[in-house]
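Colleague: Here is what each chain is made of, one letter per residue.
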Amino acid sequence: MSWFTRKERGIQTPTEMKREAPDGLWYQCPSCKHVMHSREHKLNAYTCVKCNYHEKIGSEAYFSVLFDEAEYTELDADMISGDPLEFEDTKKYPDRIRDTVKKTGLKDAVRTAYGKMDDIDIVVSCMDFNFIGGSMGSVVGEKIARGIDHALQNRKPFLMISRSGGARMMEAGYSLMQMAKTSAKLALLSEAKLPYISLLTDPTTGGVTASYAMLGDFNIAEPGALIGFAGPRVIRETIGKDLPKGFQSAEFVLEHGFLDFIVDRKDLKDKLASLLRMLQ
Amino acid sequence: MPTTYLDFEKPVADLESKLIELKKLAETTQVDVSEAVARLEDSIIQLRQDTAQNLTRWQRVQLSRHPDRPYTLDYIELMCEEFIELHGDRTVRDDPAMVGGFCNMDGQTVMVIGQQKGRNTKQRQQRNFGMANPEGYRKALRLMLLAQKFNKPIVTLIDTPGAFPGLEAEERGQGEAIARNLKEMFMLKVPVVCVVIGEGASGGALGIAIGDRVLMLENTWYSVISPENCSTILWRSWNFKEQAAEAMKITAKDMQMARLVDGIVEEPLGGAHLDHKTMAETLKKTILGHIKELQQLTPEERINQRIDKFCAMGVFSE
Ligand SMILES: [Zn+2]
Chain F
1 MSWFTRKERG
11 IQTPTEMKRE
21 APDGLWYQCP
31 SCKHVMHSRE
41 HKLNAYTCVK
51 CNYHEKIGSE
61 AYFSVLFDEA
71 EYTELDADMI
81 SGDPLEFEDT
91 KKYPDRIRDT
101 VKKTGLKDAV
111 RTAYGKMDDI
121 DIVVSCMDFN
131 FIGGSMGSVV
141 GEKIARGIDH
151 ALQNRKPFLM
161 ISRSGGARMM
171 EAGYSLMQMA
181 KTSAKLALLS
191 EAKLPYISLL
201 TDPTTGGVTA
211 SYAMLGDFNI
221 AEPGALIGFA
231 GPRVIRETIG
241 KDLPKGFQSA
251 EFVLEHGFLD
261 FIVDRKDLKD
271 KLASLLRMLQ
Chain V
1 MPTTYLDFEK
11 PVADLESKLI
21 ELKKLAETTQ
31 VDVSEAVARL
41 EDSIIQLRQD
51 TAQNLTRWQR
61 VQLSRHPDRP
71 YTLDYIELMC
81 EEFIELHGDR
91 TVRDDPAMVG
101 GFCNMDGQTV
111 MVIGQQKGRN
121 TKQRQQRNFG
131 MANPEGYRKA
141 LRLMLLAQKF
151 NKPIVTLIDT
161 PGAFPGLEAE
171 ERGQGEAIAR
181 NLKEMFMLKV
191 PVVCVVIGEG
201 ASGGALGIAI
211 GDRVLMLENT
221 WYSVISPENC
231 STILWRSWNF
241 KEQAAEAMKI
251 TAKDMQMARL
261 VDGIVEEPLG
271 GAHLDHKTMA
281 ETLKKTILGH
291 IKELQQLTPE
301 ERINQRIDKF
311 CAMGVFSE
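Residue numbers (full-length UniProt numbering), protein chains in the order written: chain F, 1 to 280; chain V, 1 to 318.
Treat the hints with care, as some may be off.
Here chain F is said to cover these stretches of chain V; the calculated rule only asks that three of the stretch's residues, wherever they fall, bring their Cβ under 8 Å from a Cβ of chain F [to be verified]: (1) 173-184; (2) 213-226; (3) 304-316.
Okay, the calculated bits of chain F under chain V, using three or more residues with CB under 8 Å as the criterion [as the list claims (entries may be wrong)]: (4) 76-83; (5) 86-95; (6) 176-182; (7) 186-196; (8) 203-210.
Worth flagging that the hints you see were computed from the coordinates, not collected in a lab. Even for Gly, the Cβ is constructed at its ideal location relative to N, Cα and C.
If we strip away everything but chain V, and leave its shape as in the complex, we get (with noise of 0.2 Å):
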């Protein structure tokens, strides 16, 4: 059971308790409701799709923040058969906002690295929210180059509301962090595939994810910036982070039109919080089958294909 409902899925929750009610009526009472419980599972199934139908780009930004939703070391334990975390930057410390290590996929070895938030109030302030440091990102190159050296596919998982805009952070070179990230990815022999698992905010996002195939999941986002602080720096108030969501189009549908990622990973109904097993079931297949195709790429063909679809990215007039 979910510990928390958005304020869109209450009309599902209220059916769902409604569920719950009927089941415990027919124990106590051994009275036969199996059909007025067909029927109200149909009307929940029924309730879900038109809700999921009709979500708009801000409730897609909420579900993308759903505190149930499974996060980078959970699609790790679920996909994974083995896992090896590896620590550290080898220069400062080691980040709890950014994880990684050798895992076995279904006989493959990969790196996985990704961003990773807390699930309660200790955990969040020990992940810094997902908000990695400097550390954090040369911690994700090193494991890159590891993945290399072995040549072993890298996978990298993102959920970030953005790099931390901290003050250490900015001693430390967050801006030199990210940008070393980016330019060396475009030259990773290895295949890389890239999946936005949940927020997808800014260059803090994007210094792990400069890949041969970006997907997002169906209920995720991606931009330049969050909608709130879109909304206060262009309207100069918090109030309009539903327009801003709707003017940058952050949406995993809204970036696969614009091409600036490669597709879209079907979520379970109603979103990853739901069902993390199929969730985490679907992301694995995908990824093994990006990785297969990849595969059959020569490392140049990969790095050259990588450069050539970011450099396609931007619209302009001449």
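Extracted from the complex, chain F is given alone in its bound form (with noise of 0.2 Å):
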């Protein structure tokens, strides 16, 4: 059976965009200070339309760019991250979740939708790093199993956005333990000769290259993005001397053969449609 099976419309319930800027709001950017107006620089991906920075932007703006029409369905959106050690460091680990439950809007630091792009079928779990630095805890590592699993059932392609500092410390071993997790539900995956595309975005580094990351079928990334297993300040500690420069950037993990294109996100919904339509 192919996994390119075209499923009845109707089940997507359109998503207002939140976060979305409102309008007459400008956007400057951060690289080169230039000012465009944000649907301007929506418009273009959110991408500087004068020296194409990618701003760093979270799930709810990439599946504005991704999904048709900007409609999506999202899975397991009320998850939330439970206190299995009852951590404690300067913060109390849950009143460390409240806090940025109520400063982000997320629940935590993944979220996962399925919708049509370019009228194909797909999963999308996306990253958002404005969650605890990204990090991977018990809710990232079941809401992509479950992501994964969505696309096994329905026999459609499988997205992994990845924007994260690696692992969730407050969770230690359960933190761990979601690599593995993750890892095994992608093995699963593949034996189904599904399709899975993981997108590294800046930065990606720890736990999560160790593991989702860097399993795709097709590995690709942004331009620029740091992409990495350890973090450059502890190379440099280890090392004693300063890193070379754009080392572990997109383009340097390219040319070292760890992905397999890096792409402009004004590109990426044509790009990966036109992956995917080959693979038919």
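Can you join these two chains into the complex? Each is in its own frame, and there are hints to help.
Modeller: The structure is reproduced here in structure tokens:
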């Protein structure tokens, strides 16, 4: 059976764009300082019209870039973190979660949705760096796992958009095992011969790089994204000298053979659709 | 005799040196001190038991790094009648921080793979302190697939402060190497038994720790980051390592309670470093027992159970 079966329309629920900047707001590029209308910025897939700087956007923005008419159905939207270790550093973990939920309007560091991308059914899990550095805890692992389950059950391709500092230390051992859980599900997706595309965005490091982000049939990245296992600070301390320019950039990682291609966000949807059509 | 005493081992060490003196005295003076010796030996055992019962999580971390603790190759030597070491990842080079090969364990051929630490300064450098490079993980995977080809069970021994965070490691894809191992290990058709024998730090440990059974020796730790690095990141200082160890709940008992590992292997009184032989005997018996159990299942059953077990890990509400 092909994964490319067209399903009946009608299950999508239009989702309003809560966190979109209201009309009339201006956006200033942090890289070249060019000022543009935020609507123009959005139409440009949240990249600078002048210097092509890729703004670090979150799940809502990616969903609006990728899904046709920005229509999608979110999965497991209400899943929220537990506190199995009763973890406390300078702050209690549940307090940290509560404050972050309040500040970001997000429930955790990943959201999963399905819908049509250029008329192709697809499941997308997308990380939100705003939520405790996009760190991977139980909710992140479980939501990705269930996103893959949905892809398996409905024979849809799966797209993972990573942006993460790595593990969530407040979940210690549980956090570590999410690397295993997501890799297990990806092994099943592989066996089912369903396409898995992993998009690495700025930054993708630590346990995320060492699990699902590097396991794509296609590993792709946004221009200039920092991609690595160890963070630059740790490596600098290990080798005791400064790192070469461009080290761990998407271009560097491509050159070393760990990416299939780098894609401009403006071309992302078209290129992914073309790629998936070729696999039909 | 141990070469090193940890701070909390000092009281025992004092009693032990007293015992030696007493025995020496008896030899030179021909006085019968057998009763005193027996008493002293009793109190040493008593003190060791008390110490063992009251170990903090940080003290277990210290024990897991004890310089006299048996390492992977020590276990292989003590558990196996034969060992043919296999080298190289067939791409870049041989990584001395990751060792492996076919072993004969009580008549059963087993592929044993593990991180290897060094005993002295020179060896430590050569073994890179047990921190493997990508080629180490790729060598491990190559050996696992070799074991699968010849239908032999796999045993991995985990003892690493982490995957090496170096320049070349990044160039050669440390993240990709570990990720691939995770995915491939789930699909291995042969039984896989993993044992944390010392330190189990982060993805560097997990990269060879996807098993049908994952066990921890009593005085080991296993978590997403070392207590020191956790302290540095969350408390912004190296000084909160004890608190970090407590907060992350990283000991064998903690990990078993959380159902993140399947079992604990008991160590000799005071720790594995005090009696390599007994430790290795216990471990060998445990490993062979699990292999026997796992061999009763079909490959499909093992793979499904392995996947289900890891997929059940995590705490959340909805
Ligand atoms: Zn710009």
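Colleague: Now tell me if each hint is right for this structure.
Modeller: Checked hints:
no., hint, result
1, 173-184, "holds (count 10)"
2, 213-226, "holds (count 4)"
3, 304-316, "holds (count 8)"
4, 76-83, "holds (count 7)"
5, 86-95, "holds (count 4)"
6, 176-182, "holds (count 6)"
7, 186-196, "holds (count 5)"
8, 203-210, "holds (count 4)"
The structure shown violates none of the earlier numbered hints.
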